[in-house]
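Asks: Next come the chains, spelled out residue by residue.
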Amino acid sequence: DIQMTQSPSSLSASVGDRVTITCRASQSISRFLNWYQQKPGKAPNLLIYAASSLQSGVPSRFSGSGSGTDFTLTISSLQPEDFATYYCQQSYSTPLTFGGGTKVDIK
Amino acid sequence: EVQLLESGGGLVQPGGSLRLSCAASGFTFSSYAMTWVRQAPGKGLEWVSGISNSGDSTYYADSVMGRFTISRDNSKNTLDLQMDSLRVDDTAVYYCAKGGEYQLLQNWFDPWGQGTLVTVSS
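Chain order of the listed sequences is A and B. Residue 1 is where the first sequence starts when you use this note's numbering, and the numbers rise one by one after that. Residue 1001 is where the second sequence starts when you use this note's numbering, and the numbers rise one by one after that.
One chain only, chain A, in its complex shape (with noise of 0.2 Å):
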């Protein structure tokens, strides 16, 4: 199985604040990862997929980056709505597994 670590495992950043979250496959994934962000008692939403591709409807201050292990989500000015956990998940094989997570709270 392919195992998914995503650090940090929480932060405290500012509105306004450049934020970057990494998330690192055990093995290459080639560009086949995607990212979520999930509100408290909300479904997860897509941000990111296929490692850079931003979804439709989602700010362009949202960027991710990376292939084969290495992976990083960009937040390039957080704002009050992006306050929320965020994860990696790697489509390349199955099992199809998810990071633990990032929290994502108020400085």
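Just so you know, these hints were derived from the structure itself, not from any lab. Please note that the accuracy of each hint is not assured.
Claimed, not checked - The calculated label-pair distances, taken between Cβ atoms and stated as ranges, are:
no.: 1; chain 1: B; residue 1: Gly1016; chain 2: A; residue 2: Gly41; range: 19 to 29 Å
no.: 2; chain 1: B; residue 1: Ala1040; chain 2: A; residue 2: Thr5; range: 12 to 22 Å
no.: 3; chain 1: B; residue 1: Ser1063; chain 2: A; residue 2: Ser9; range: 39 to 49 Å
no.: 4; chain 1: B; residue 1: Gly1008; chain 2: A; residue 2: Ser10; range: 29 to 39 Å
no.: 5; chain 1: A; residue 1: Leu54; chain 2: B; residue 2: Leu1117; range: 27 to 37 Å
no.: 6; chain 1: A; residue 1: Ser76; chain 2: B; residue 2: Ser1017; range: 27 to 37 Å
no.: 7; chain 1: B; residue 1: Ser1085; chain 2: A; residue 2: Asp17; range: 46 to 56 Å
no.: 8; chain 1: A; residue 1: Asp1; chain 2: B; residue 2: Gly1042; range: 15 to 25 Å
no.: 9; chain 1: A; residue 1: Ser77; chain 2: B; residue 2: Gly1016; range: 47 to 57 Å
To be verified - Derived DSBU-like pairs (lysine-lysine); straight-line CA-CA distance at most 35 Å:
no.: 10; chain 1: A; residue 1: Lys39; chain 2: B; residue 2: Lys1076
no.: 11; chain 1: B; residue 1: Lys1043; chain 2: A; residue 2: Lys107
no.: 12; chain 1: A; residue 1: Lys42; chain 2: B; residue 2: Lys1043
As the list claims (entries may be wrong) - Covered stretches of chain A, as calculated for chain B (at least 3 residues, CB under 8 Å):
no.: 13; stretch: 43-52
no.: 14; stretch: 89-95
no.: 15; stretch: 98-105
From the three backbone atoms N, C-alpha and C, an ideal C-beta is built for every residue, glycine too.
Add chain B to chain A, keeping to what the hints say.
Replies: Same frame as chain A, but now just chain B:
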């Protein structure tokens, strides 16, 4: 608008069974893979099972293999998850999600349903 609506959750005793359903609308259901993902209280996301658009291919997490069965009815636009031999650690919110066109792999989940809570407890 794509909509996914889960149902069938509830309280069940350990060793019992439950069948979840997901009603889909707003897209050509028979063209897309579908998946179930769960989230235990206060925990992260765990992929549970997936199925190809035709239903010919099914996939399971090791934790549910042999106990859960995924199926779909393309004539009714519904996705099901039959859960047998339930354990306390199966307690979670279960989400259905739309996968990629035709196949589960090399794709993404979008959108997700609102989830249905399954509680396994004596």
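Asks: Now, for every hint given, state plainly whether the structure supports it.
Replies: Structure-based check of each hint:
Checked against the hint of 19 to 29 Å, the pair Gly1016 of chain B and Gly41 of chain A passes, with Cβ atoms roughly 27 Å apart. Here the CB-CB span from Ala1040 of chain B to Thr5 of chain A is close to 19 Å, well matched to the stated 12 to 22 Å. A hinted range of 39 to 49 Å is violated for the C-beta pair Ser1063 of chain B and Ser9 of chain A, which are about 22 Å apart. A hinted range of 29 to 39 Å for the beta carbons of Gly1008 of chain B and Ser10 of chain A is consistent with their spacing of about 33 Å.
Checked against the given bound of 27 to 37 Å, the beta carbons of Leu54 of chain A and Leu1117 of chain B, roughly 32 Å apart, stay inside it. At roughly 48 Å, the beta carbons of Ser76 of chain A and Ser1017 of chain B sit outside the given window of 27 to 37 Å. Separation of Ser1085 of chain B from Asp17 of chain A is about 47 Å and conforms to the stated range, judged on CB atoms against 46 to 56 Å. The hinted range of 15 to 25 Å is satisfied by Asp1 of chain A and Gly1042 of chain B, whose Cβ atoms lie roughly 23 Å apart.
Between Ser77 of chain A and Gly1016 of chain B, the C-beta spacing of about 49 Å keeps the proposed range 47 to 57 Å intact. This hinted pair checks out: Lys39 of chain A and Lys1076 of chain B have alpha carbons roughly 31 Å apart, not beyond 35 Å. Among the hinted pairs, Lys1043 of chain B with Lys107 of chain A is consistent with the structure: their alpha-carbon atoms are about 22 Å apart, no more than 35 Å. This hinted pair checks out: Lys42 of chain A and Lys1043 of chain B have alpha carbons roughly 14 Å apart, not beyond 35 Å.
Against chain B, the stretch 43-52 of chain A contributes 6 residues with a C-beta closer than 8 Å to a partner C-beta. That satisfies the three-residue criterion, and the hint holds. With 6 residues carrying a beta carbon less than 8 Å from a beta carbon of chain B, the stretch 89-95 of chain A meets the three-residue requirement, and the given coverage holds. Restraint check on the stretch 98-105 of chain A versus chain B: 4 residues with Cβ-Cβ distances below 8 Å, three needed, restraint holds.
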